[in-house]
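Q: Here the sequence shown stands for residues 8 to 106, where the numbers follow my numbering.
Misleading hints may appear alongside valid ones.
[Said to hold, decoys possible] So the derived label-pair ranges between C-beta atoms look like this:
{"#": "1", "residue 1": "Ala74", "residue 2": "Pro102", "range": "26 to 32 Å"}
{"#": "2", "residue 1": "Gly76", "residue 2": "Phe11", "range": "28 to 34 Å"}
{"#": "3", "residue 1": "Pro31", "residue 2": "Leu71", "range": "36 to 42 Å"}
{"#": "4", "residue 1": "Gly98", "residue 2": "Val39", "range": "19 to 25 Å"}
The set of hints was computed from the structure by calculation and includes no laboratory data.
Note that beta-carbon positions come from the ideal geometry of N, C-alpha and C, so glycine has one too.
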Amino acid sequence: MSTFREVTAADQRLIVLQALEEDPGYSHNEAVLRSVLGNFGHQVSRDGLRTELAWLQEQGLITLADAGGIQVARLTARGQDVATGAARVPGVARPRLEG
8 MSTFREVTAA DQRLIVLQAL EEDPGYSHNE AVLRSVLGNF GHQVSRDGLR
58 TELAWLQEQG LITLADAGGI QVARLTARGQ DVATGAARVP GVARPRLEG
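Make a model of the complete structure from these sequences and hints.
A: Here you go:
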């Protein structure tokens, strides 16, 4: 059985991946990602988001770049597969079926 923290972290990670997948450039800065998470009911601190971004990078799902002290996340091919449900990674929620 998963803890509340594990469930919310997995959902936040999926939301980040899906937000990146929807962007034409497959990237967003951390401020945009915090806003997206807030729209889905996740109030995440900057440090909390950076922790999740580092985890996603360790899994090979995103890359991170520094732009004047702001982190910019870019989706990898593996991350796109997870965002769309073509692949699964423990610790990332599975996308729900449409309809």
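Q: Could you run down the list of hints and mark each one as holding or not?
A: Results of checking the hints against the structure:
1. Remark: the range hint 26 to 32 Å for Ala74 to Pro102 is upheld by a beta-carbon distance near 29 Å.
2. Evaluation of the 28 to 34 Å hint for Gly76 and Phe11 yields a pass: the beta carbon distance comes to about 32 Å.
3. The supplied range of 36 to 42 Å is broken by Pro31 and Leu71, whose beta-carbon atoms lie about 19 Å from each other.
4. Judged by the Cβ atoms, the range 19 to 25 Å given for Gly98 and Val39 holds: they are separated by roughly 22 Å.
In summary, the structure is inconsistent with hint 3 from the numbered list given earlier, while agreeing with all the others.
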